[in-house]
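Chains as they are written, first to last, in our numbering: chain A, 1 to 147; chain B, 148 to 294; chain C, 295 to 441; chain D, 442 to 588.
No wet-lab data here; the hints were simulated from the structure. Since the structure is predicted, the reported quantities are computational estimates derived from the model, not experimental observations. Glycine included, each C-beta is placed from N, C-alpha and C at the ideal position. Where hints are given, some of them may not hold.
Said to hold, decoys possible - Going by beta-carbon spacing under 8 Å, a handful of chain D positions derived as facing chain C:
1. F474
2. N475
3. E478
4. A503
5. R504
6. H505
7. D508
8. Y509
9. E576
10. P577
Protein chains: 4
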Amino acid sequence: MNSFNLPACQVYQPEIRFVDIDAAGIVNNATYFNYFEQSRIHFFEGLVGRKWNWHEAGMVVARHEIDYRMPILFNDDIRIVTWIERVGEKSMTAAYEVLKAVEGKWVNLATAKTVMVSFNHVSGKSIAWPLQMSEPIAQFGTGRPSF
Amino acid sequence: MNSFNLPACQVYQPEIRFVDIDAAGIVNNATYFNYFEQSRIHFFEGLVGRKWNWHEAGMVVARHEIDYRMPILFNDDIRIVTWIERVGEKSMTAAYEVLKAVEGKWVNLATAKTVMVSFNHVSGKSIAWPLQMSEPIAQFGTGRPSF
Amino acid sequence: MNSFNLPACQVYQPEIRFVDIDAAGIVNNATYFNYFEQSRIHFFEGLVGRKWNWHEAGMVVARHEIDYRMPILFNDDIRIVTWIERVGEKSMTAAYEVLKAVEGKWVNLATAKTVMVSFNHVSGKSIAWPLQMSEPIAQFGTGRPSF
Amino acid sequence: MNSFNLPACQVYQPEIRFVDIDAAGIVNNATYFNYFEQSRIHFFEGLVGRKWNWHEAGMVVARHEIDYRMPILFNDDIRIVTWIERVGEKSMTAAYEVLKAVEGKWVNLATAKTVMVSFNHVSGKSIAWPLQMSEPIAQFGTGRPSF
Chain A
1 MNSFNLPACQ VYQPEIRFVD IDAAGIVNNA TYFNYFEQSR IHFFEGLVGR KWNWHEAGMV
61 VARHEIDYRM PILFNDDIRI VTWIERVGEK SMTAAYEVLK AVEGKWVNLA TAKTVMVSFN
121 HVSGKSIAWP LQMSEPIAQF GTGRPSF
Chain B
148 MNSFNLPACQ VYQPEIRFVD IDAAGIVNNA TYFNYFEQSR IHFFEGLVGR KWNWHEAGMV
208 VARHEIDYRM PILFNDDIRI VTWIERVGEK SMTAAYEVLK AVEGKWVNLA TAKTVMVSFN
268 HVSGKSIAWP LQMSEPIAQF GTGRPSF
Chain C
295 MNSFNLPACQ VYQPEIRFVD IDAAGIVNNA TYFNYFEQSR IHFFEGLVGR KWNWHEAGMV
355 VARHEIDYRM PILFNDDIRI VTWIERVGEK SMTAAYEVLK AVEGKWVNLA TAKTVMVSFN
415 HVSGKSIAWP LQMSEPIAQF GTGRPSF
Chain D
442 MNSFNLPACQ VYQPEIRFVD IDAAGIVNNA TYFNYFEQSR IHFFEGLVGR KWNWHEAGMV
502 VARHEIDYRM PILFNDDIRI VTWIERVGEK SMTAAYEVLK AVEGKWVNLA TAKTVMVSFN
562 HVSGKSIAWP LQMSEPIAQF GTGRPSF
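Given the sequences, and given the hints that come with them, work out the whole structure.
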């Protein structure tokens with residue numbers, strides 16, 4: 001648990017590296033997607049209950065969308081809340097809110113979504129989600145959590 | 148001009164760095180947004196006709212969306228075609244196609260859009276596009292070029 | 295304190311991001327210097343006792359050297375121990391050991407040094423270390439700690 | 442040939458990406474090593490005469506050292522001159538100068554060296570340089586070229 005009253009796997013605290021800040025003095029817009037990548041790994045590892053072998057039964061990113069509201073600064077205290085919005089037979093959509101601690105409240109800096117496709121790296125084709133992935137997600141539930 | 152029969156500013160050839168390749172053996176999905184950033188700079192420098200002072204009258208990225216079709220590999224010969232899809236009073240939308248040379252043809256690997264907002268870094272507020280930006284764009288024209 | 299029995303500021307745990315892994319399946323050799331950058335920030339913030347204003351009285355990196363012994367993998371449990379090896383009037387040398395937890399022992403993966411020069415960003419010249427920097431370092435002490 | 446009167450493989454022009462610039466307004470000190478990585482690839486591809494298969498008979502970076510003299514800015518016109526300083530049975534040392542065009546002259550911004558070890562990724566051991574690597578280097582010659 002955490003200050004969001006959410007399972008630990010849903011709340012990721014990115015380390016804002018000095019190098020993440022670009023010439024505009026803010027976290028570069030591309031770097032958010034690396035934070036989301038870490039959020040997803042953190043989420044799925046918590047969900048599936050072990051270090052996930054990404055080389056085996058994998059997922060590929062098919063789509064991203066993001067709306068930026070306010071920038072992330074170097075010393076910001078950031079959390080990313082992640083959830084699964086929708087699960088299809090061969091794809092699913094993850095969603096994220098990027099939140100910043102401002103005077104004891106969490107302010108939304110950005111909202112984003114990622115569509116992932118289940119992928120067998122041996123056959124090179126999209127496949128139905130393996131049970132070890134789909135069952136924990138079904139049990140966990142989908143949709144934006146209250147926080 | 149180039150093999151696309153487009154103005155030089157619309158065709159950007161990213162250098163695929165070894166470090167751009169991630170553990171999955173492909174260009175990391177976040178890195179595309181750095182390529183698009185370079186594409187936009189290349190486009191606007193060509194359009195405005197000089198090195199643009201990004202610190203002065205700036206633009207901030209308000210939204211990205213991208214659809215990935217096929218991955219970029221290390222030795223791929225890539226071009227990114229950029230155009231302006233829409234210009235509003237204080238915002239505009241850039242669009243991109245990521246293309247790969249395959250047996251003499253350009254194959255679409257990804258399509259993306261970026262919404263940018265005109266921003267005065269001194270006042271910290273969105274403003275109408277300065278003429279030195281809006282006029283060259285109006286003259287250049289908007290919409291996906293034929294290629 | 296920590297398992298090294300060292301002050302917290304001397305022990306930094308980098309987050310190994312998926313994107314840090316390159317096409318060779320290991321943390322890219324350049325990324326170590328971003329980890330060291332974070333180590334230094336962590337060290338100096340602990341030493342000086344507050345968020346350091348890097349824009350004000352700054353330091354610039356004048357030299358790096360690093361010896362790589364074994365690679366860092368994605369799921370490795372890494373610590374970086376940092377110390378100040380030498381302080382001159384206008385420069386100092388930081389040193390680092392990169393350590394990996396292997397069966398309950400910390401194994402050395404890499405050793406590195408950074409020479410930093412005290413720099414006034416207003417005058418654009420190197421200057422003597424400000425007291426708020428040199429005094430805490432003198433009090434903390436220099437040289438490789440026992441661990 | 443080029444303005445340095447050197448073989449093309451020895452002169453690499455890095456693209457300075459916007460994201461390469463860090464919060465200090467200069468190319469981050471770690472990013473130089475990505476530029477050097479590209480320089481080495483450019484050099485060895487020119488030397489060996491084909492796209493090198495880095496997964497096959499590889500080389501691993503064993504040591505880096507770099508002296509920074511002046512920073513790289515976003516719009517700088519940069520070249521990196523690379524040469525092989527020394528070849529041993531199982532290792533070799535590459536050296537680089539980072540040069541910036543200033544009023545028609547090339548000014549040295551940084552000097553660096555990389556020790557690489559010949560490595561068989563199947564056996565996981567260092568091996569003698571394969572002939573397809575050592576012969577072109579012997580023919581090309583070692584040592585800093587005049588420029």
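Checked hints:
1. About 3 Å separates the beta-carbon of D:F474 from the nearest beta-carbon of chain C, less than 8 Å, and the hint is met.
2. The criterion of a C-beta within 8 Å of any C-beta in chain C is met by D:N475, whose closest approach is roughly 5 Å, and the hint holds.
3. For D:E478, the interface hint holds, the least distance from its beta-carbon to any beta-carbon of chain C being 7 Å, beneath 8 Å.
4. With a least beta-carbon distance of about 6 Å to chain C, the hint placing D:A503 at the interface is held under the 8 Å criterion.
5. Because the smallest distance between the Cβ of D:R504 and any Cβ of chain C comes to about 5 Å, under 8 Å, the interface hint for this residue holds.
6. Interface restraint check for D:H505: the shortest CB-CB distance to chain C comes to about 5 Å, inside 8 Å, so the restraint holds.
7. The restraint placing D:D508 at the interface with chain C holds, with a minimum CB-CB distance near 5 Å, inside the 8 Å limit.
8. The closest approach between the C-beta of D:Y509 and any C-beta of chain C is roughly 6 Å, which is under the 8 Å cut-off, so the hint is satisfied.
9. About 24 Å separates the beta-carbon of D:E576 from the nearest beta-carbon of chain C, more than 8 Å, and the hint is not met.
10. A distance limit of 8 Å between C-beta atoms decides the matter here; for D:P577 the minimum to chain C is near 22 Å, and the interface restraint is violated.
Against the hints set out earlier in the document, violations occur for numbers 9 and 10.
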